[in-house]
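Protein chains: 2
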Amino acid sequence: MANQHVTRIVLASRPSGMPAAANFRLERETVRDLAEGEILLQILYLSLDPYMRGRMDDAKSYAKPIEVDGVMEGGTVARVVRTRNAVFNPGDIVLSHSGWQSHAISNGSDLKKLDPGEAPITTALGILGMPGFTAYAGLRNIGKPKAGETLVVAAASGAVGSAVGQIARIFGSRVVGIAGGREKCAYLRDELGFDAAIDHRSSDFPAELAVACPEGIDIYFENVGGHVWSAVFPLLNDFARVPVCGLIAHYNEGASNGQDQLPAVMRAILRKSLTLRGFIQREFADQRPDFYREAGAWIAEGRLKYKEDIVDGLENAPDAFLGLLEGRNFGKLIIRVGS
Amino acid sequence: MANQHVTRIVLASRPSGMPAAANFRLERETVRDLAEGEILLQILYLSLDPYMRGRMDDAKSYAKPIEVDGVMEGGTVARVVRTRNAVFNPGDIVLSHSGWQSHAISNGSDLKKLDPGEAPITTALGILGMPGFTAYAGLRNIGKPKAGETLVVAAASGAVGSAVGQIARIFGSRVVGIAGGREKCAYLRDELGFDAAIDHRSSDFPAELAVACPEGIDIYFENVGGHVWSAVFPLLNDFARVPVCGLIAHYNEGASNGQDQLPAVMRAILRKSLTLRGFIQREFADQRPDFYREAGAWIAEGRLKYKEDIVDGLENAPDAFLGLLEGRNFGKLIIRVGS
Chain E
927 MANQHVTRIV LASRPSGMPA AANFRLERET VRDLAEGEIL LQILYLSLDP
977 YMRGRMDDAK SYAKPIEVDG VMEGGTVARV VRTRNAVFNP GDIVLSHSGW
1027 QSHAISNGSD LKKLDPGEAP ITTALGILGM PGFTAYAGLR NIGKPKAGET
1077 LVVAAASGAV GSAVGQIARI FGSRVVGIAG GREKCAYLRD ELGFDAAIDH
1127 RSSDFPAELA VACPEGIDIY FENVGGHVWS AVFPLLNDFA RVPVCGLIAH
1177 YNEGASNGQD QLPAVMRAIL RKSLTLRGFI QREFADQRPD FYREAGAWIA
1227 EGRLKYKEDI VDGLENAPDA FLGLLEGRNF GKLIIRVGS
Chain V
927 MANQHVTRIV LASRPSGMPA AANFRLERET VRDLAEGEIL LQILYLSLDP
977 YMRGRMDDAK SYAKPIEVDG VMEGGTVARV VRTRNAVFNP GDIVLSHSGW
1027 QSHAISNGSD LKKLDPGEAP ITTALGILGM PGFTAYAGLR NIGKPKAGET
1077 LVVAAASGAV GSAVGQIARI FGSRVVGIAG GREKCAYLRD ELGFDAAIDH
1127 RSSDFPAELA VACPEGIDIY FENVGGHVWS AVFPLLNDFA RVPVCGLIAH
1177 YNEGASNGQD QLPAVMRAIL RKSLTLRGFI QREFADQRPD FYREAGAWIA
1227 EGRLKYKEDI VDGLENAPDA FLGLLEGRNF GKLIIRVGS
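These protein sequence lines map, in sequence, to chains E and V.
Each residue of the first sequence is one higher than the one before, starting from 927 at the first, in my numbering.
Each residue of the second sequence is one higher than the one before, starting from 927 at the first, in my numbering.
Just so you know, the hints here were simulated from the structure itself, not pulled from any lab data.
Careful: at least some of the hints might be erroneous.
Copies of the same chain look alike in the list, so a pair counts if it fits in one copy or across any two.
To be verified - Calculated lysine to aspartate or glutamate pairs in the EDC-like style (CA-CA distance at most 20 Å, straight line):
| no. | residue 1 | residue 2 |
| --- | --- | --- |
| 1 | K1198 | E953 |
| 2 | K990 | D1164 |
| 3 | K1198 | D983 |
| 4 | K1198 | D1238 |
| 5 | K1070 | D1018 |
| 6 | K1070 | E1209 |
| 7 | K1231 | E1252 |
| 8 | K1070 | D959 |
| 9 | K1072 | E1209 |
| 10 | K1231 | E1241 |
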């Protein structure tokens, strides 16, 4: 079976500020033959997530940057096409981290078999995957939601934010979501049962947030930074916890000027006994079995809902990714790469 | 027994920026008669601590501000002079929170008897008091020192800092102290056994700190802020913990301009999975028995040393306090009020 081709999207150049189409390049190549123990995967779905912006820089981070000319990385759901590995059979559906490409070769060590009868396979990239577990781990280990407390989450209609809000409600917290636009806010209130939802694009956003949080904020799940942080910060209560999960507003900015906000933030950390804690879900990997069990039950009971925004075609991944950074998606953004 | 007088220092006006002598006023008054159950205390020692600067403002905080014309607050060691309370006898030595004054009346509920045979009574204001417990609680609950890790503490020759460094060494951490001046640095190295000590007044301070921390910083016990934080921040390792205990560099400053450092700090919190956590020792009050037991043993074993800087006369408290804010004291600052 020669002549199998792989299409892939590589990092053509590092962006400075907001990425553009020119930072990506689509390539085609012939797939090599499999060695003993190897598996050829056809990618069905590719997850697009904000963290990928960070990987495009060569800044020091917990993760290595993507090399220039290297394949853009990302979580994927794939089908086994050919196999020289006894553990995997043709037709098996697996979770992999194969990146922005149509096919990939694996030795099997990085694959997790999925049961399509148990849950839609795209959920392995969203509510039952990395974003869902990020929400769970950040709340369980840092946010620690309690009954009667107020939790605020930004990017609240996104893959992580929507799970954060719903899980906090399961633990009895009052949940206020922040999102961009009336449609997303209505979704949070009407579909997900958030106690309130505030549009951060409103000219009166800080005042509206304050009204929605009459008893202050006990947990702020930080996905955004920027002007959302500025509105949240004065409302934080004594002993508030701030899991810092993402800073999408800062990913594309350079050095900023104006007033130095750091002294005021440090003073508040001191005076209010605040906790700010950055994290990635990987650190809490030993809690994944708990997550699958609990989240699976919550979904079955209808207490944990999710929304997917599926875009067709790998070639559309760069544009969809830029839209993600601007908040154009509505729900977990996934590329349908093959079928 | 009429005609007993009390001398006290009140807050004459709120400072803007660095306090000055004019913000304090010395008053004399006659002591009223005791009611049933009350005790008249003669203050022997008054503790001066950086947190008092915060109480002089009327900013929202975990503690109520001192009222204008109110007695400056503070921890004290006192002797029972007269008593109409069966629990206390004349001559008893007690720990109280009587503030900047020569005498005080108490109903006994806020007093803790001290045994002068067990430890010098001034230690109840320092190494075996609030500052020592602050060091212990911040390390135990937030810093979590481990063998082989590097801890950095600023204001390292002060009451809290010197305890932080020595306790972290007991737990096997490598300890680097930051202090102002060669004499204090020599004390940290030669008397307290710190692994290194750096003078923050050195023109090459950030580079010297980096050389002293070749494997980065795992715990930064924050007492200071300002340019010390700026030097520490780039050296923080992944998963570093920052107990925020004080910010003496910021207590007297107004709004600052120049580059906004907050985005860079938030990005580092995210990328390095940092923990920043403000605290006051009161929050961990249930650990005080552990502290007395452990710290008492460490002192007896010669592993936990302390230095006191005792100034004579209540009338000298304002000037000594201003010196504390400027780092002029050397060791735990205590006023000898009476004898």
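Now for the hints, and whether the structure bears them out:
1. K1198 / E953: neither (53 Å within a copy, 34 Å between copies)
2. K990 / D1164: For K990 and D1164, only the inter-copy Cα distance (14 Å) is at most 20 Å; the intra-copy one is 36 Å.
3. K1198 / D983: between (35 Å within a copy, 15 Å between copies)
4. K1198 / D1238: neither (48 Å within a copy, 35 Å between copies)
5. K1070 / D1018: For K1070 and D1018, the Cα distance exceeds 20 Å both inside one copy (38 Å) and across copies (46 Å).
6. K1070 / E1209: Both: 17 Å inside a copy, 17 Å across copies.
7. K1231 / E1252: Neither, since 23 Å and 57 Å both go past 20 Å.
8. K1070 / D959: neither (50 Å within a copy, 52 Å between copies)
9. K1072 / E1209: between (23 Å within a copy, 18 Å between copies)
10. K1231 / E1241: neither (29 Å within a copy, 67 Å between copies)
Checked against the numbered hints above, the structure breaks hints 1, 4, 5, 7, 8 and 10 and satisfies the rest.
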